[in-house]
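2 protein chains.
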Amino acid sequence: MGRVIKVISLKHFFVLSMALNVSLILRAINQDNRAPMAVQKGINAAQMTFLSFPLLSSPTAATPATQPLGQNGRERVINLDHGDPTMYEKYWKQMGDKATIVIPGWQSMSYFSDVKNLCWFLEPEFAKQIVRVHKVVGNALTEGRHIVVGTGSSQLFSAALYALAPQDASNPISVVSAAPYYSCYPLMTDSIKSGLHKWAGDAKVFNKDEPYIELVTSPNNPDGFIRHSMVNRTGGILVHDLAYYWPQYTPISSPADNDLTLFTVSKITGHAGMRIGWALVKDVEVAKKMTKFIELNTIGVSKDSQIRAAKVLEVVSDSCEQAGGSEHVESFFHFSHALMTERWRMLREAVKRSGIFSLPEFSSAHCNFFDNKLGSQPAFAWLKCDGDDVDDCESFLRRHKILTRGGKHFGVSPKYVRISMMDREETYDLFIQRLSQIRS
Amino acid sequence: MGRVIKVISLKHFFVLSMALNVSLILRAINQDNRAPMAVQKGINAAQMTFLSFPLLSSPTAATPATQPLGQNGRERVINLDHGDPTMYEKYWKQMGDKATIVIPGWQSMSYFSDVKNLCWFLEPEFAKQIVRVHKVVGNALTEGRHIVVGTGSSQLFSAALYALAPQDASNPISVVSAAPYYSCYPLMTDSIKSGLHKWAGDAKVFNKDEPYIELVTSPNNPDGFIRHSMVNRTGGILVHDLAYYWPQYTPISSPADNDLTLFTVSKITGHAGMRIGWALVKDVEVAKKMTKFIELNTIGVSKDSQIRAAKVLEVVSDSCEQAGGSEHVESFFHFSHALMTERWRMLREAVKRSGIFSLPEFSSAHCNFFDNKLGSQPAFAWLKCDGDDVDDCESFLRRHKILTRGGKHFGVSPKYVRISMMDREETYDLFIQRLSQIRS
Numbered sequence: 000m001g002r003v004i005k006v007i008s009l010k011h012f013f014v015l016s017m018a019l020n021v022s023l024i025l026r027a028i029n030q031d032n033r034a035p036m037a038v039q040k041g042i043n044a045a046q047m048t049f050l051s052f053p054l055l056s057s058p059t060a061a062t063p064a065t066q067p068l069g070q071n072g073r074e075r076v077i078n079l080d081h082g083d084p085t086m087y088e089k090y091w092k093q094m095g096d097k098a099t100i101v102i103p104g105w106q107s108m109s110y111f112s113d114v115k116n117l118c119w120f121l122e123p124e125f126a127k128q129i130v131r132v133h134k135v136v137g138n139a140l141t142e143g144r145h146i147v148v149g150t151g152s153s154q155l156f157s158a159a160l161y162a163l164a165p166q167d168a169s170n171p172i173s174v175v176s177a178a179p180y181y182s183c184y185p186l187m188t189d190s191i192k193s194g195l196h197k198w199a200g201d202a203k204v205f206n207k208d209e210p211y212i213e214l215v216t217s218p219n220n221p222d223g224f225i226r227h228s229m230v231n232r233t234g235g236i237l238v239h240d241l242a243y244y245w246p247q248y249t250p251i252s253s254p255a256d257n258d259l260t261l262f263t264v265s266k267i268t269g270h271a272g273m274r275i276g277w278a279l280v281k282d283v284e285v286a287k288k289m290t291k292f293i294e295l296n297t298i299g300v301s302k303d304s305q306i307r308a309a310k311v312l313e314v315v316s317d318s319c320e321q322a323g324g325s326e327h328v329e330s331f332f333h334f335s336h337a338l339m340t341e342r343w344r345m346l347r348e349a350v351k352r353s354g355i356f357s358l359p360e361f362s363s364a365h366c367n368f369f370d371n372k373l374g375s376q377p378a379f380a381w382l383k384c385d386g387d388d389v390d391d392c393e394s395f396l397r398r399h400k401i402l403t404r405g406g407k408h409f410g411v412s413p414k415y416v417r418i419s420m421m422d423r424e425e426t427y428d429l430f431i432q433r434l435s436q437i438r439s
Numbered sequence: 000m001g002r003v004i005k006v007i008s009l010k011h012f013f014v015l016s017m018a019l020n021v022s023l024i025l026r027a028i029n030q031d032n033r034a035p036m037a038v039q040k041g042i043n044a045a046q047m048t049f050l051s052f053p054l055l056s057s058p059t060a061a062t063p064a065t066q067p068l069g070q071n072g073r074e075r076v077i078n079l080d081h082g083d084p085t086m087y088e089k090y091w092k093q094m095g096d097k098a099t100i101v102i103p104g105w106q107s108m109s110y111f112s113d114v115k116n117l118c119w120f121l122e123p124e125f126a127k128q129i130v131r132v133h134k135v136v137g138n139a140l141t142e143g144r145h146i147v148v149g150t151g152s153s154q155l156f157s158a159a160l161y162a163l164a165p166q167d168a169s170n171p172i173s174v175v176s177a178a179p180y181y182s183c184y185p186l187m188t189d190s191i192k193s194g195l196h197k198w199a200g201d202a203k204v205f206n207k208d209e210p211y212i213e214l215v216t217s218p219n220n221p222d223g224f225i226r227h228s229m230v231n232r233t234g235g236i237l238v239h240d241l242a243y244y245w246p247q248y249t250p251i252s253s254p255a256d257n258d259l260t261l262f263t264v265s266k267i268t269g270h271a272g273m274r275i276g277w278a279l280v281k282d283v284e285v286a287k288k289m290t291k292f293i294e295l296n297t298i299g300v301s302k303d304s305q306i307r308a309a310k311v312l313e314v315v316s317d318s319c320e321q322a323g324g325s326e327h328v329e330s331f332f333h334f335s336h337a338l339m340t341e342r343w344r345m346l347r348e349a350v351k352r353s354g355i356f357s358l359p360e361f362s363s364a365h366c367n368f369f370d371n372k373l374g375s376q377p378a379f380a381w382l383k384c385d386g387d388d389v390d391d392c393e394s395f396l397r398r399h400k401i402l403t404r405g406g407k408h409f410g411v412s413p414k415y416v417r418i419s420m421m422d423r424e425e426t427y428d429l430f431i432q433r434l435s436q437i438r439s
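The listed protein sequences derive, respectively, from chains U and Z. Counting in numbering that gives the first Met the number 0, the first sequence runs from 0 upward without gaps. Counting in numbering that gives the first Met the number 0, the second sequence runs from 0 upward without gaps.
Worth flagging that the hints you see were computed from the coordinates, not collected in a lab. Please read all numbers here as calculations on a predicted model, not as lab measurements. Fair warning: there could be bad hints in the mix.
Identical chains blur together in the list; that is why a pair holds if it fits in one copy or across any two.
As the list claims (entries may be wrong) - Dumping the calculated DSS-like pairs for lysine-lysine here, alpha-carbon to alpha-carbon at most 25 Å:
#	residue 1	residue 2
1	K207	K192
2	K407	K288
3	K288	K197
4	K115	K400
5	K407	K197
6	K287	K192
7	K407	K291
8	K288	K192
9	K192	K291
10	K197	K291
11	K383	K203
12	K383	K414
13	K203	K414
Take the sequences, apply the hints, and build the full model.
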């Protein structure tokens, strides 16, 4: 009996030891690959020097925004100008190895992913997980749609303009969106002075009697409101950007049923570094032209990131289906919804305390996903400096070392700024603390 | 003693069992991610239906080109139109887990890779391995250069045009390249009718007294010759595309020392599915503008693929440094050079046998990397149909179910075709077999 115990102990010892080895080997391989990462070093985007993405350089940015004071004893810069969705890291750390991917050196070498598919560079497993997550969440119809994958939804935006603009027109087609519109739309539309399309500004005042493409962002970036076409006539070509139509940001009232809808992994799961988006496209010819654009632009889309995106979406869908069961899994949207709720509560409290700012108010609506009446809690806060003495809210906040993106970039008054709600916890907490102390 | 042996056996058993488990777990995770892959199914690019990448649709393509006859008993289509570099899979299989990458779900989430770098989306480890591989191979100077990463070199090509074209000129700048030129250049230059640049054809006949950008591809795609600027005057802006300036294709005579040079992982290691390329750029302002273009186009480049590219280049450099040592490692370039040598030997023999084709002849030169006098063995064969009765070599070969890309796409006579030399062994062998049998 003593020997049996001894052998069992040895057995257990080896099993444990090997399990540990597995974990260590995985870590070693991984760290080997990723050594000098900004994230690992704790470098924050506030340290940008040349960086002008997507619009603004930040010359005052110097040190990580994790503590109120920098090494030089001066107040740290809090950069909430761009929407880097790092707040989701926490969830993925909780999930441990569930979303880990392993790719051997000899896999995914070819340009081709699925030569039978119209979009020949779309990984079949990724396509499968896109259909599944839309079904689980109920935010978009996928039946009768072609899926086109893109290097982020930015590339799909350009691909959509290319596909929808008439190729033989004497003048470029007008591209409009209701102000406040996403600040990158004008820049992306006109970046290389295309003869196919040109930016024509605010959809609400567009009145030319000619064809046009209208971009409908819903919930809207920057202000978070649900939107529909705003041009005061019919016959426009619509592109729906539904990057934020997910349960953590807004109630899911019905599945989207548009001609051309754009989504991006970045704003769902937080994996912005993958640069993966997709389009759901009704018209086969439009889908073919979008595919053609991506061929000419980048000859396809990273397979490695598509494989990873498939895994991440799979874990999200699994978490929704398993939540509440015996495995004690937290649904991804439960986690992210709770986080956004808390952040908006803190923000509204800070704004109230300061007395010089205001925020949009959203009415509640039934969310089919949560089966509950819920409010909106957008990925960006659209803050207004109310006082008559502040004309430029962006400059005003910059004096307090809070970097935001001012209203003029979105086609409206500089009294507004857009603030990212998606940064890491320490940055967000510091922001709330500083905002609460601002007086006019 | 008997007990000791028993315990040792148990110990060994568990070690072996766990080692097996590790391998199985890795495989399981991986297959889980990658289930319905075209490559795994053995589907060949010859099965394309809608596919028009990069130029030609192939309506006759139907079944894998691994056997002479398809399931219907008819001759299989051999598609060597595009340069899918799948022949390198064999090397990476030999390397086992050396180039495997593991990425946990919570890593590489941010948009940012290195906020202190001009190119803020460039992974530092990838930058390090680019510098290292150029040093090991001796094919390009990296000192005093800025590295800009792109989604393949296609995106960097567009970024270079954007950065080099005057922004305020009344007319788009002319873009030229000596014929035969890479067939995608005209399409990529004019894809969205840019007001910044326009395709102006063959550099050898360009004689307008105005600024121009000249693309110098060396070794040249399609014909494999080493090239220099061909416009008959000075003052042009040069972009060097050195995708094929690696030892398996051509002797490395000296490190490239240009203002702006493009490289791509696809043609070095065969990992086309990563969509990763890089530019070495002397002028800081040009590098900044290229970075800006990629921001507007795709807000950066897949981190996952950059991490993988870093690993693959590391294994290549390691293999060069360790080759001939006690570890019995085969240098990647030794492997690939031997493969290309054998393929060109087979091709020249088949061409000789047929009596109706001809190929370019290359003079030998000293290769600094191999320290030997060597010939060229390009990634594409530039085949000519010699007979007076064949005007269109592409159509002629298509009748024999060999898909190639005809001379007209490269700005020259249709008596020429470009044939990929980089496909899998079974496809290549079948091609040689069929070519040998063709008579006029």
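- Query: Is the C-alpha distance from K287 to K192 at most 25 Å within one copy, between copies, in both cases, or in neither?
  - Reply: Both: 23 Å inside a copy, 19 Å across copies.
- Task: Measure nothing new, just compare the shortest in-copy and cross-copy C-alpha distances for K197 and K291 to 25 Å and report within, between, both or neither.
- Result: For K197 and K291, both the intra-copy (20 Å) and inter-copy (19 Å) Cα distances are at most 25 Å.
- Item | Status of K203 relative to K383 across identical chains (alpha carbons, at most 25 Å) | Within. Shortest intra-copy distance 21 Å satisfies the 25 Å Cα cut-off; inter-copy 60 Å does not.
- Measure nothing new, just compare the shortest in-copy and cross-copy C-alpha distances for K203 and K414 to 25 Å and report within, between, both or neither. Intra 20 Å, inter 57 Å, cutoff 25 Å: intra-copy only.
- Message: When Cα atoms must be at most 25 Å apart, do K192 and K291 count as within-copy, between-copy, both, or neither?
- Response: both (20 Å within a copy, 15 Å between copies)
- Using 25 Å as the alpha carbon limit, work out where K207 and K192 are close: within a copy, between copies, both or neither. Cα proximity of K207 and K192: in one copy and across copies (21 Å, 23 Å).
- Query: Under a CA distance limit of 25 Å, which applies to K407 and K291: within one copy, between copies, both, or neither?
  - Reply: between (34 Å within a copy, 20 Å between copies)
- For the identical chains here, do K288 and K192 meet the 25 Å Cα criterion within one copy, between copies, both, or neither? both (20 Å within a copy, 15 Å between copies)
- Message: Regarding K407 and K197, is the shortest C-alpha distance of 25 Å or less found within a copy, between copies, in both, or in neither?
- Response: Classified as within; 19 Å inside a copy, 33 Å across copies.
- First find the shortest C-alpha distance between K383 and K414 inside one copy, then the shortest across copies, and answer within, between, both or neither for a cut-off of 25 Å. Result: close within a single copy only, 6 Å intra versus 68 Å inter.
- Within, between, both or neither: K115, K400 at alpha-carbon 25 Å: between (53 Å within a copy, 19 Å between copies)
- Query: Checking K288 and K197: alpha-carbon separation at most 25 Å within a copy, between copies, both or neither?
  - Reply: both (19 Å within a copy, 21 Å between copies)
Violated hints for the displayed structure: none, as all numbered hints are satisfied.
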